[in-house]
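Chemist: Each chain is listed here by its residues.
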Amino acid sequence: MTVTSDRSAPTDAPLGAPAAKRFGGLLKTRELGIVLALALLVAYTAIDNPRFLSGQSIRDNLLNTAILAVMATGQAVVVITRNIDLSVGSVLGISAFAVATLMSNQDLPMVVGLLAGLAIGAVAGLVNGVLVRYGKVPALVVTLGTLYIYRGITYSWAGGSQVNADELPRHFLTFANDSILGIPWLVLIALVVVAAGSVMMRNYRVGRELYAMGSSPAAAELAGIKVARNLLGAFVLSGALAGLAGVLYAARFGTVDAAAGTGLELNVVAAVVVGGVAVFGGSGSVWGAALGALLLTVIGSALAVLDINQFWQQAIVGALIILAICADRLVAVRIARSLRKRDAHV
Amino acid sequence: MSDIDLGKRPAANRSGALRSRLTSWDSIILVLTALVLIIASFTVDNFGTSRNFTFMVLDLLPIILIALPMTMIIVTGEIDLSVASTLGLTSSMMGWLWNQGLSIESIIPLCIAIGAICGVVNGFLITTLGLPSLAVTIGTLALYRGLAFVVLGDGAVADFPWNYTGWVTGTIGGGAVPNVLILIVVLALIFGIVQHATPFGRSLYAIGANAQAAHFSGIRVARTKFWLYVASGAVAGLVGVLWTLRYSSARADNGAGLELAVVAAVLLGGVSIFGGKGSLPGVLAGVVLLTALQNALRLEDVSGQALNIVTGTLLVLSVLLPNITTAVRGNWQRRKLRQAAAR
Numbered sequence: 026m027t028v029t030s031d032r033s034a035p036t037d038a039p040l041g042a043p044a045a046k047r048f049g050g051l052l053k054t055r056e057l058g059i060v061l062a063l064a065l066l067v068a069y070t071a072i073d074n075p076r077f078l079s080g081q082s083i084r085d086n087l088l089n090t091a092i093l094a095v096m097a098t099g100q101a102v103v104v105i106t107r108n109i110d111l112s113v114g115s116v117l118g119i120s121a122f123a124v125a126t127l128m129s130n131q132d133l134p135m136v137v138g139l140l141a142g143l144a145i146g147a148v149a150g151l152v153n154g155v156l157v158r159y160g161k162v163p164a165l166v167v168t169l170g171t172l173y174i175y176r177g178i179t180y181s182w183a184g185g186s187q188v189n190a191d192e193l194p195r196h197f198l199t200f201a202n203d204s205i206l207g208i209p210w211l212v213l214i215a216l217v218v219v220a221a222g223s224v225m226m227r228n229y230r231v232g233r234e235l236y237a238m239g240s241s242p243a244a245a246e247l248a249g250i251k252v253a254r255n256l257l258g259a260f261v262l263s264g265a266l267a268g269l270a271g272v273l274y275a276a277r278f279g280t281v282d283a284a285a286g287t288g289l290e291l292n293v294v295a296a297v298v299v300g301g302v303a304v305f306g307g308s309g310s311v312w313g314a315a316l317g318a319l320l321l322t323v324i325g326s327a328l329a330v331l332d333i334n335q336f337w338q339q340a341i342v343g344a345l346i347i348l349a350i351c352a353d354r355l356v357a358v359r360i361a362r363s364l365r366k367r368d369a370h371v
Numbered sequence: 003m004s005d006i007d008l009g010k011r012p013a014a015n016r017s018g019a020l021r022s023r024l025t026s027w028d029s030i031i032l033v034l035t036a037l038v039l040i041i042a043s044f045t046v047d048n049f050g051t052s053r054n055f056t057f058m059v060l061d062l063l064p065i066i067l068i069a070l071p072m073t074m075i076i077v078t079g080e081i082d083l084s085v086a087s088t089l090g091l092t093s094s095m096m097g098w099l100w101n102q103g104l105s106i107e108s109i110i111p112l113c114i115a116i117g118a119i120c121g122v123v124n125g126f127l128i129t130t131l132g133l134p135s136l137a138v139t140i141g142t143l144a145l146y147r148g149l150a151f152v153v154l155g156d157g158a159v160a161d162f163p164w165n166y167t168g169w170v171t172g173t174i175g176g177g178a179v180p181n182v183l184i185l186i187v188v189l190a191l192i193f194g195i196v197q198h199a200t201p202f203g204r205s206l207y208a209i210g211a212n213a214q215a216a217h218f219s220g221i222r223v224a225r226t227k228f229w230l231y232v233a234s235g236a237v238a239g240l241v242g243v244l245w246t247l248r249y250s251s252a253r254a255d256n257g258a259g260l261e262l263a264v265v266a267a268v269l270l271g272g273v274s275i276f277g278g279k280g281s282l283p284g285v286l287a288g289v290v291l292l293t294a295l296q297n298a299l300r301l302e303d304v305s306g307q308a309l310n311i312v313t314g315t316l317l318v319l320s321v322l323l324p325n326i327t328t329a330v331r332g333n334w335q336r337r338k339l340r341q342a343a344a345r
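Read top to bottom, the protein sequences are chains H and Z.
Take 26 as the starting number for the first sequence in this note's numbering and just add one per residue.
Take 3 as the starting number for the second sequence in this note's numbering and just add one per residue.
Okay, chain Z solo, but in the shape it has when bound (with noise of 0.2 Å):
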């Protein structure tokens, strides 16, 4: 009896751990995103043209490079709600620098660096000073905002190079990738690579779990985050840049509001809001299936604030629906065990 019971249960659990890995919100999340593409693209009138590509390509650059750093912090969970702007305080910058002359050339690594610098204070304050991450970042968030709109007014830049701002546009050769594909794809790579390959990005998992424990284990937590938040505010400084160049114009508002839209792709790309649970792969679905459902929807012309409804009912969903098959797993095992112990 034993015999069979040792032989059975790594089986039960194999086909149970498989069966919880098809039941999980990134594998739902990955099969939702790919049949919204596919019924999209059928359905809704120039949806699957090469231009509609590169328009949504676009639309979904700031997001899904925000959302690379903003994963890792969530996974240990910490959060950055300033990202936005940053983004719009080196937009200004970068308007202000051009305005004072200097070249495109060294304005870009500079309004990097002013992310970066950004992110440093963040970091500062969470893990040098101990501050809680979600007061934090609110407090820079205004901070920022405030500063960006200190160095530009409510005025724009306009004049950028063209050859710059015919880049980010751009496509490969004319054809139907977008330039900035490439950048996505090379830093969703290095990302990916980080979070799931090294043991940087084990400890970010260990420190979302146990913060205390990931301590004691000899992992730098507070240098781990604080990097962290280097990273962010240097990619948030680099989406400015992009923003910028996109829209040829630099203003302080630019990127307004963003910061919830990364959020929110994060959480419904699985990765709890607790720390210590997602993957990249998943949360770059959620932002592919956000900015393809509003892309979709803008050309059968419904309104994108409507759009809002489905975006915060998937986000509740994303969290509340594993809650729910737990729960119902949970008691269906209970009274099974019930019945076997009344047996």
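Isolated chain H, as found in the complex (with noise of 0.2 Å):
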């Protein structure tokens, strides 16, 4: 035994550090490839129509990022563990429409009807974690169960009543194009989000802990992990931040019936996936997948000032998470014979 650690700690560390270093510069690439083809599409749109990046123009791309960017957040984390959350949508909904009726008519502060949206949110993701953890159903069908659940409660609640712009605070209204600094409320919000998820996904021991359970639940629940605690956890996160984009869903629109947010969760799943978020967990990452929701809202208003079909948005983005996927194959292909080629060398 002593042998054998003897001779593999020799070899293991030279050869390791390359080969890191080489990983990383290949997860790199594939969000460079993101920013490439987003400078790409705004330098090209740009030329045709300068006004593209005129102030006005950024913001309103900006501010149409902001709520996908921080559900994406939420998506990205429970997608690295190898499971996905349908729900998110409906889970917008409820939250949109509770935190509306809320502060309809009453003047209550903002700080209110965002916390109100969170712990809505995280209610609902804890519901999911409990299902999918301790029921042991599987992800897809718990949130596929709790996408029409939340939705139903929301239609029973609401029936066919919606709040009106008119009945909600200024306060509320104005929270989504006031700004600080320059900057909207609402941008800002999903940069601190997005900045502090990529913070933890990166930096903390909880985050690497889910890469690790995406990457082999198995060997994540041997190796000592709390799996239990970090998957209620990452259920919980996206939840959360789903409710949150509900309450910044409302303040922005103003008007909230029982149908918000409905279909939105394949947006959501197509912004992480395009973001380099590996449907099989354990790679991806929580900025990548911000940068995807930023590309596919971009796209949307791209056409609309190169002035090409605005039917062509859905098809360019369904082309670009093929695309997205393949890209993804042929970097794990390569990383696959870069590993074979160094065991061999073994």
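The hints are simulated quantities; they were obtained by calculation from the structure and are not laboratory data.
Warning: the hint list may mix true and false statements.
If you anchor each label on the Cβ, the simulated ranges turn out as follows [claimed, not checked]: (1) 198(Z) with 130(H): 57 to 67 Å; (2) 247(H) with 131(Z): 29 to 39 Å; (3) 368(H) with 204(Z): 31 to 41 Å; (4) 200(Z) with 189(H): 51 to 61 Å; (5) 288(H) with 131(Z): 26 to 36 Å; (6) 45(Z) with 208(H): 54 to 64 Å.
The beta-carbon is built from N, C-alpha and C at its ideal position, and this holds for glycine as well.
Need the complex rebuilt from these two chains, each delivered in its own frame; the hints are there to steer you.
Modeler: Structure below.
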């Protein structure tokens, strides 16, 4: 036994370092790819119509990205653990309606609304997490089920009614457009969420544990990672952020009915996949997912500026998703080949 | 002593097998469906009428047809979320081709072929390139729906020949049996026989249980999956045609969101999302249960959206309940063993 450890120690150390570097380099190119695509798109559109780079246009794009980016952050964390949360659109709906009802015709401060949204979302996420972990029901089934349940609850509650903008307090409605240091609150919140999520996943123990769980759930359990706690945490985070997105939605659009956010889950998953988070977990990053959300939004507005038929947008998004998965596959194959080569040398 | 044990065990196993068969989700869902049908026809006005029966069959037509290949795909451990978008694309193409002046007799096979091509694209990406089906079909979900809008925009084409639209909504000889029921029965029989009584069908379960083991025992895993996606696309194309004819309206957004309803019905029918488990009768019962509940609640003036709660709960329970019973049974057996050991 001492012999094997003696042999493996020196061979691993020098070979491990460049391999890790190469691995990091490949990952960097993955997100670099999105940045490049984004830069190309913006450059091409701006040459066609310089107004695309005007302050108002940039502001609109960022405002439209904010809600999607907040949800993509939570979704990325869940997908990295090799799960999925399809209920986010319905959680946004229930939170948006609940908070709008709470705030309507009352003079509550904005913070109450934000906290209420976070809390509602967290509870919804906790239900998902408990069913996945303790009910041993696959995440796809649970969150497909709660997609229906949360939406159904919102419909039963709201019926055909809606909360109109004139019932909501002024400060709630201006929150979306108010800015601090020139940055709208909505964008600021999204930036903070994405940055905090990225740092948590990159630099903190819990983040690395979530990656480990996604790479190999069984190995993570055996390695002593508190899988149950982390998994519940991931689902609560995804739910809470969807709840937060609900408040932002209500503030931005002012009119909320029971259908708010219907079908949004697919956009969120699309942003995450385009952003380079593998659906089988264990790889990708939160800021990549946020970039994915930005790219999807910018495509939409670029088509309008370029005067291309709006109907192309969805088709392009679809093609982009497939392109992104193909790129991931290519990277994975290359990594596997380089690892095999390394093993062959040893 | 050992003799008794040997003699006893098969008997115990047999009764155990019977018990697990009776308490399996397939059987529960069959009983539940029968109960809902019986109770509804006694308590809900107009539920048992032949007119309502026709409507119900028309309502369950798209879900039940798409669920047939979907069951096979999920049994192999894959998924196809692009079906509703394939439906939308074929509906759009149908309207566009009709506007180009093609005859309906040539449009219908063309549309089914377009659906099959959508399936070929899925199958190629998933089996040849080895990409994850969940991600691929989310991509093609957006792609096909997008193309549907590119083809037809947000307009509609409505002037399809009366004898075709009338056939889809009509009944045999003006009686109680809708024409499309023949289609459902024939296709369900074909898919049922293929899935449950052919080597091909058994190989699906082998692939779902362990694709690698299936590969090493000589099953052509990739080719099998490829043809399942082609079948799924072709059936979605056929449903696109039927949907268009039923509402006499070709629109790009036809069938939007249907993929989740189909997956929910299949899982509700007791098919495991991990593959390798599930039967077609259970799935058929699942579809009938969902449609009958929706129909009965609508007749009772309950909002269809509130039904979402029932659908979602049933979906979660369909996996949760068997898990709980297995856990409880395991606990009970362990306790019995412990008691036996203590004695």
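Chemist: Need the list of violated hint numbers for this structure, in ascending order.
Modeler: none
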